[in-house]
Amino acid sequence: MPNASSPETLLEVRGLTAGFDAGPVLFGIDLDIEPSELIALVGANGAGKSTLLGVLSGLVRATSGT
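Going by this note's numbering, the sequence shown opens with residue -1, and the numbers climb by one from there.
Treat the hints as calculated values from the structure; they're not laboratory data.
Do not rely on the hints blindly, as some may be mistaken.
To be verified - Pairs of lysine to any residue, SDA-like flavour, derived with a Cα cap of 20 Å:
#, residue 1, residue 2
1, Lys47, Gly26
2, Lys47, Leu36
3, Lys47, Ser62
4, Lys47, Glu35
5, Lys47, Leu14
6, Lys47, Arg59
Stated by the list, open to error - What follows is a list of derived Cβ distance ranges for each label pair:
#, residue 1, residue 2, range
7, Leu51, Ala20, 14 to 20 Å
8, Ser55, Ser34, 29 to 35 Å
9, Arg12, Gly41, 17 to 23 Å
10, Thr7, Gly41, 22 to 28 Å
11, Gly41, Glu10, 26 to 32 Å
12, Gly44, Thr7, 26 to 32 Å
13, Gly13, Ser55, 16 to 22 Å
14, Ser34, Ser62, 14 to 20 Å
15, Leu57, Gly26, 17 to 23 Å
16, Glu6, Lys47, 32 to 38 Å
17, Gly41, Thr61, 16 to 22 Å
A virtual CB, placed ideally from N, CA and C, is assigned to each residue, including glycine.
Let the hints inform the model, and build the full structure from the sequences given.
Set out below in structure tokens:
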């Protein structure tokens, strides 16, 4: 993954950390989404897929990151 996003980057996430009262769920997530990319989130139950989507949509507050 490149250190700097291209001018066409649709979404850039750096160092995203989020969790709930029970503790952190996401730790230091980095993500770049470029135009025409197809992204799939795959993982076991409780891996943080829904939490990541919640943070990206603004429904869940991140504890750190941009």
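Legend entry - Those earlier numbered hints the structure runs against, lowest number first: Failing hints, ascending: 8, 11, 14, 16.
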